[in-house]
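Build the full structure now, drawing on both the sequences and the hints.
In order, the protein sequence lines correspond to chains A and B. Read left to right, the first sequence gives residues 1 to 221 (the UniProt record's numbering). Read left to right, the second sequence gives residues 1 to 155 (the UniProt record's numbering).
In silico SDA-like cross-links for lysine to any residue, where the CA-CA straight-line distance does not exceed 25 Å:
1. LYS163/A to LYS63/B
2. LYS8/B to ALA210/A
3. LYS37/A to THR94/B
Covered by chain A, according to a simulated footprint, are these stretches of chain B (three or more residues, beta-carbon under 8 Å):
4. 21-30
5. 44-51
6. 61-73
Far from chain B, some chain A residues (derived; all Cβ distances over 12 Å):
7. THR121
8. ASN123
9. CYS148
10. GLY153
11. ASN182
12. ALA186
13. ASN199
14. PHE213
Don't read these hints as lab results, they were simulated from the structure. For glycine and all other residues, C-beta sits at the position ideal for the given N, C-alpha and C.
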Amino acid sequence: MDESVVQARIPQALVSVLGVESKPTLKAEAFTEAFLKNGLQRTPKCDLKSMLSHKAVVLDFTRPKKEKKNCKKAKGLNAHQKRAMKVFEIKPEHQRYELFLPLHQLWRQYIVDLCGGLKPTSNPNVVQQKLLKADFHGAVITVVRSKCPSYVGTTGILVQEFKHVFKIITKQDKIKVIPKRNSVFAIEINGFISHIYGNKFEHRASERSAKKFKVRGTIDL
Amino acid sequence: MAQNVKDKEAYQRLNYLYQAAHCVLTQNPENVELARFYCFTQKTIARRLVLRQDPSVKRTLCKKCCSLLIPGVTATTRQRSKNRKCRFTVMRCTSCGQGKGLLNNPDYCLWVDRPEAQLQHQMQSGPSTKSQPEDTKHDGSQSSKSGTAKSSPST
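Structure representation (structure tokens):
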């Protein structure tokens, strides 16, 4: 088959029928690359020779262990495996600011949805209450006050939230890790600015939705 | 009723996280880690608040490493048959190798699909917001998935 035929765009009439849209070239290329990388067979890491040289050969008879029972249950990874796989670490080549802009747009929509329009007339107390349980991944976040002066003024899109730390991607395509303790963050949505006191926020992102916040003490920074 | 109102925000959050994972993957198909993080958060929230999620959502998450399974991008889908009679759709996560087998049976109807009608009957008598976020979640997955290959889990 001719190569141009393969690469031709899907005609408009078929787009609605198939439910498939042809992507711009750059995006399509990224997808094919990822597909090839995942799809191709990996060469086995350890060949026979290295296996034999490392292990002693046992000539005694051993009953084969029953491992079926364990295999049946799909268990999650334990902490050791997670650390080895680097499950949540973002590779440096993916740290580009413009890749996260659509995420921010999505987040904006979500917050407006959550707060029911977010008009200037809406009660700030209610909005604050909702934001307490909301998700902040994808928000543009600014450090307003901090005990460490070098953190102040850092702005970026929040990428990951951990128990004690925010991971932020700045406009200079850098991931910054900012501890929650002893700093105050500001979030801006449609002119509504909300401050987050990091001292009170030292929970995991998932735990926050279940946790009850209590009024306790004051924060001076 | 009060329970439902409270849960609505949590469901919205789950919905957002699911969409965010899709959004990250459409931007950069190799950024599996971030999508996995969002799905992991989604899973833990659902676990903490004991929220039931739709099977169509749960079937696109890897059980082992919590990554989002999109055929061709982060997962492979194959048709496997056992003794020539029953065929399975096997979805395998490419990062951890965990497989997910679904029986191809056109007559099989999910439990959720069956009482769905019942739930709508209930809604006529007393309005419940519980089913609404799940619907929106479904839409979000569909819209962002349309660019990639589509799979038919139970046909």
